[in-house]
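Asker: The hints should help you fit chain B onto chain A, whose structure is shown.
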Amino acid sequence: AQKVTQAQTEISVVEKEDVTLDCVYETRDTTYYLFWYKQPPSGELVFLIRRNSFDEQNEISGRYSWNFQKSTSSFNFTITASQVVDSAVYFCALSEASGTYKYIFGTGTRLKVLA
Amino acid sequence: SAVISQKPSRDICQRGTSLTIQCQVDSQVTMMFWYRQQPGQSLTLIATANQGSEATYESGFVIDKFPISRPNLTFSTLTVSNMSPEDSSIYLCSVEADWGQYFGPGTRLTVT
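Which chain is which? The protein sequence lines are A and B, in order. End of the first sequence = 115 in the working numbering, gap-free, step of one. End of the second sequence = 227 in the working numbering, gap-free, step of one.
Looking at chain A on its own, in the form it has when it is part of the complex:
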């Protein structure tokens, strides 16, 4: 069965600190996709990144970076020099590569960035 675990329920950091959000997944599929979404207080879900199971290259986008390691089934998300606007709930998700496109979401990590 597929499963996504975000063990960190809530993290608080002071502005300009770096912070890493952990995501561990379980799947029997050899081909799958991993995602991160941001849900600010307004409630909408904002797509951040998709990574397929064959691409283990780390990705950097501005202050955001992602570390995908198949050996540990992890897809961690780091925010560098955090800002108050980064305060949100962040969800990691997993989907199989074909068929239903059903997403399995983790329970989310609430990030609070304090000024």
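Honestly, the hints are just simulated from the structure, not real lab data. Wrong hints could be hidden among the right ones.
As the list claims (entries may be wrong) - Only pairs whose alpha carbons sit at most 27 Å apart, straight line, appear in this in silico DSSO-like list of lysine-lysine:
{"#": "1", "chain 1": "B", "residue 1": "K122", "chain 2": "A", "residue 2": "K102"}
{"#": "2", "chain 1": "B", "residue 1": "K180", "chain 2": "A", "residue 2": "K112"}
{"#": "3", "chain 1": "A", "residue 1": "K38", "chain 2": "A", "residue 2": "K112"}
Answerer: Frame of chain A; chain B shown alone:
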């Protein structure tokens, strides 16, 4: 990416009534999805809606409680029937497009 709108954005409803939520996409998409997010919780898939076929419901969700329509490739509705306070949630529609699923802004439902 797809631009998705939902109506209503929020509502407060009486127990026992029904509410229909609309989801409109700015482009034609094959697959649309309906999720529920209970307060402080993660997202749970209710059903997958493909145009021209019956919606496929996930375990724990039934058509009588959450009927779905998908009349064309840009629109879908979800009805929450015979509501109870336990149905108070955010309901989100999403579509599979480009790089992943894109979500609407959600409908915040409170049942009193």
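Asker: Hey, A/K38 versus A/K112, does the alpha-carbon distance stay inside 27 Å?
Answerer: Roughly 13 Å separates the two Cα atoms, so the pair holds.
Asker: Quickly compare the C-alpha distance for B/K180 and A/K112 to 27 Å and report which way the hint goes.
Answerer: Not OK: B/K180 and A/K112 at ~36 Å, beyond 27 Å, violated.
Asker: B/K122 and A/K102 were given as a pair; does the straight-line alpha-carbon distance stay at or below 27 Å?
Answerer: Satisfied, since the Cα-Cα distance of roughly 24 Å is no more than 27 Å.
Checked against the numbered hints given earlier, this structure breaks only hint 2.
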